[in-house]
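Trainee: Input sequences plus hints: build the corresponding full structure.
Number of protein chains: 2
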Amino acid sequence: MSRFHDEIREQPEVAARLLEQSRPAVEKFGARFRETHPKGFVIAARGSSDHAALYAKYLFGRRNRCLVALAAPSLFTRYSSPPSLEGQCVIGISQSGESPDVIAVVEEAVRQGAMTVAITNEAESTLAAASELVLPLHAGAERSVPASKTYSASLLALALMSQAIDPDEEFGAALNRVPTSITQALQAEEKLVPLAPALAGPRAIVLGRGFNFSTAEEVALKLTETSYLLARAWSVADFEHGPIAVVEPGFPVLLVGGGGSVEADLESIAARLVDYGCRVIGLFDCGRAPSGLEATAVFDSGLPEELTPLTLGVLGQLLAWRVALARGVDPDQPRALRKITRTW
Amino acid sequence: MSRFHDEIREQPEVAARLLEQSRPAVEKFGARFRETHPKGFVIAARGSSDHAALYAKYLFGRRNRCLVALAAPSLFTRYSSPPSLEGQCVIGISQSGESPDVIAVVEEAVRQGAMTVAITNEAESTLAAASELVLPLHAGAERSVPASKTYSASLLALALMSQAIDPDEEFGAALNRVPTSITQALQAEEKLVPLAPALAGPRAIVLGRGFNFSTAEEVALKLTETSYLLARAWSVADFEHGPIAVVEPGFPVLLVGGGGSVEADLESIAARLVDYGCRVIGLFDCGRAPSGLEATAVFDSGLPEELTPLTLGVLGQLLAWRVALARGVDPDQPRALRKITRTW
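Residue numbers (the working numbering), protein chains in the order written: chain D, 1 to 344; chain B, 1 to 344.
None of these hints come from the bench; they were simulated from the model. Keep in mind that a hint or two might mislead.
It does not matter which identical chain is used: a pair holds within one copy or between any two.
[Stated by the list, open to error] Pairs of lysine to any residue residues, derived as SDA-like cross-links and limited to a Cα-Cα distance of at most 20 Å, are as follows:
#1 Lys28 x Arg335
#2 Lys39 x Ser2
#3 Lys191 x Tyr79
#4 Lys39 x Ile165
#5 Lys191 x Thr36
#6 Lys39 x Glu190
#7 Lys191 x Arg288
#8 Lys39 x Ala114
#9 Lys39 x Thr183
#10 Lys39 x Glu13
#11 Lys39 x Val329
#12 Lys28 x Tyr79
#13 Lys191 x His5
#14 Lys39 x Pro249
#15 Lys191 x Glu124
#16 Lys39 x Ala295
#17 Lys191 x Cys286
#18 Lys39 x Gln163
#19 Lys191 x Leu325
#20 Lys39 x Phe251
#21 Lys191 x Gly259
#22 Lys28 x Gly328
#23 Lys39 x Gly87
Mentor: Shown next as structure tokens:
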């Protein structure tokens, strides 16, 4: 098929390997966290990894009551005027571990004496060398330019870290079900067929809220970089504060939901958009979908809402892949892109 | 002309009034900040106000070495599981002061004993009543749905707060020049005429970096909500990590720059996009523009880069207004929108 599609399909195995092999690193992180008692997290990342950071904002916020700030790397590089990171746990997320601006944030955190963690697929990378602790993703080489398996592995690594800080039996059991749940998501691939026509371009909106706001951002990025349609994500609440004006009859809007506390928000925006005559489609991992949508891919992994970004992210990757093929684009090698982008 | 255009033109007067009338509130904030020594800031806001929060992330980071976290309101409302805000200065920004989710964040901060500040145009609002300190914007009633004068007033209020924490004579003098500088931006309106054709729709990208990443986000929102073209902003660095794949010959890209430390980044992305055959246009407040662009509005207020989001934001509003008219849309009253959006 394609490298992108192959790597998407590797994800159950990647998740299982991470659950198995990351144990020592995760335990070390948990011990160090309890020892240093950080006040909160600062996360530096770019692209898909930045969407993993956005996921962590909700996960560490809800499960660990920790405040998460996403770093503005240019303060560390271009402006040479970094904020105080005292007492923070600073995490750098980078597939290659070679993103200079992510490295710059972690290096400054080390200078300031903060706890530092690298989440990376390259345990021998510059980022890993610069950080006190390393959580290797063990995802194997990722050869297609759009990230797939390293994205879900980053989410899972963050969830394991959250669990190490505040262990909970039920959440632990759910973490162990992630590989099976991703397999279920892969098996739902055929359900995506009726969704693709709405995404024929040139533009689309992707909406989520709470935990799956990060999924909406990631799916929008995947569609943009592999299918060349300009896809823009918003949280449902932000969307209602202005951007909703852009929609008109026929406008494609993709909803992403994992049930839970924000399900009513998705139902309410779905009803409003259907009423406007938009082409509303959706990905749902909660066994049901709002009514009136043009097409939906619905399944139920049984995962708690907090972990549905893992399954929905996989479905989003498959959707982006199908849309790319339908639009006659090679999803493995988006134009104008290299696998490692070095920005300062 | 239109309420939106009238309110855009009021901004020199609004800025002058804020400089004059906010003095007692700003001094009180500075004294209280020195007394409580917050470790950092947490800012809750939606829509345009959230872009003011993004500006503060760079401003407080660079000038005050303070870490800024943008709040995820759903953690406070939908998930009822707010992060610890201990030792933070929590700011709520809302034109109306009636945005329930912004109020929820501030109320929780009060419960946790954190310092709280409301930045609002309504000194008698629920948000103001909930907060320990209030910085009223004194902008007068804003009747057009898209925010203009309350946006620039929020930026200026944040800059005055930054100055109150770390006073600096040169920055103080620059703050006093803001009303004149906005007048200069208004006088540059005719320079926008050649930019509008590239924004005929249905999509556009807006790029900035550092301080003017917030401007790029705000201009993209203004274009989206008043002109119904789907405009998507990225920081230059994030754009190069994936989304750049979307551009093709003829794709409209608007650059926003205020010179300073990120000027070379804008020049480099401009060269790359011109090379691809994109329709690259730009707004620049630094007296010069990268070469090869289809059209530019260039002026030089002489403000430091840190304050150019004030002038460039105004130019962006004027551009959105022109594009809306060219597209036959009423910019005062975007479809599907009310002035006060209540989200939880």
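Trainee: Now tell me if each hint is right for this structure.
Mentor: Status of each hint after checking the structure:
1. Taking identical chains as interchangeable, the C-alpha atoms of Lys28 and Arg335 are never at most 20 Å apart, the minima being 41 Å within one chain and 54 Å between chains.
2. In this homomeric assembly, Lys39 and Ser2 never come within 20 Å of each other (Cα to Cα): the closest approach is 44 Å inside a single copy and 49 Å across copies.
3. Neither within a single protomer nor between protomers do Lys191 and Tyr79 lie at most 20 Å apart by alpha-carbon distance, with minima of 48 Å and 30 Å respectively.
4. In this assembly of identical chains, Lys39 and Ile165 lie within 20 Å of each other by CA distance solely inside one copy; the values are 13 Å within and 22 Å between copies.
5. Taking the shortest Cα distances, Lys191 and Thr36 never come within 20 Å of each other, neither inside one copy (47 Å) nor across copies (56 Å).
6. In the homo-oligomer, the alpha carbons of Lys39 and Glu190 never lie at most 20 Å apart, since the shortest distance is 45 Å inside one protomer and 51 Å across protomers.
7. For the homomeric pair Lys191 and Arg288, the shortest alpha-carbon distance inside one copy (14 Å) is at most 20 Å, but the shortest distance between copies (52 Å) is not.
8. In this homomeric assembly, Lys39 and Ala114 come within 20 Å of each other (Cα to Cα) both inside a single copy, at 11 Å, and across copies, at 14 Å.
9. Taking identical chains as interchangeable, the C-alpha atoms of Lys39 and Thr183 are never at most 20 Å apart, the minima being 37 Å within one chain and 44 Å between chains.
10. Taking CA atoms no more than 20 Å apart as the test, Lys39 paired with Glu13 passes in neither setting, with 35 Å inside one copy and 42 Å between copies.
11. Taking the closest pair of Cα atoms, Lys39 and Val329 never come within 20 Å of each other, the shortest separation being 46 Å inside a single copy and 48 Å across copies.
12. In this assembly of identical chains, Lys28 and Tyr79 lie within 20 Å of each other by CA distance neither inside one copy nor across copies; the values are 34 Å within and 29 Å between.
13. In this assembly of identical chains, the alpha carbons of Lys191 and His5 lie at most 20 Å apart only when taken from the same copy (16 Å versus 48 Å across copies).
14. For the homomeric pair Lys39 and Pro249, neither the shortest alpha-carbon distance inside one copy (47 Å) nor that between copies (48 Å) is at most 20 Å.
15. Taking identical chains as interchangeable, the C-alpha atoms of Lys191 and Glu124 are never at most 20 Å apart, the minima being 40 Å within one chain and 52 Å between chains.
16. Taking identical chains as interchangeable, the C-alpha atoms of Lys39 and Ala295 are never at most 20 Å apart, the minima being 44 Å within one chain and 48 Å between chains.
17. Taking identical chains as interchangeable, the C-alpha atoms of Lys191 and Cys286 lie at most 20 Å apart only when both belong to the same chain, with a minimum of 15 Å there against 52 Å between chains.
18. In this assembly of identical chains, the alpha carbons of Lys39 and Gln163 lie at most 20 Å apart only when taken from the same copy (17 Å versus 26 Å across copies).
19. For a Cα distance limit of 20 Å, the shortest separation of Lys191 from Leu325 inside one copy, 16 Å, qualifies, whereas the shortest one across copies, 42 Å, does not.
20. In this assembly of identical chains, the alpha carbons of Lys39 and Phe251 never lie at most 20 Å apart, being 43 Å within a copy and 44 Å across copies at closest.
21. Only within a single protomer do Lys191 and Gly259 lie at most 20 Å apart by alpha-carbon distance; the minimum there is 19 Å, versus 49 Å between protomers.
22. For a Cα distance limit of 20 Å, the shortest separation of Lys28 from Gly328 qualifies neither inside one copy, at 47 Å, nor across copies, at 61 Å.
23. Proximity of Lys39 and Gly87 under a CA criterion of 20 Å is satisfied in both settings, with 6 Å inside one chain copy and 10 Å between copies.
Consistency note: the structure conflicts with the earlier hints numbered 1, 2, 3, 5, 6, 9, 10, 11, 12, 14, 15, 16, 20, 22.
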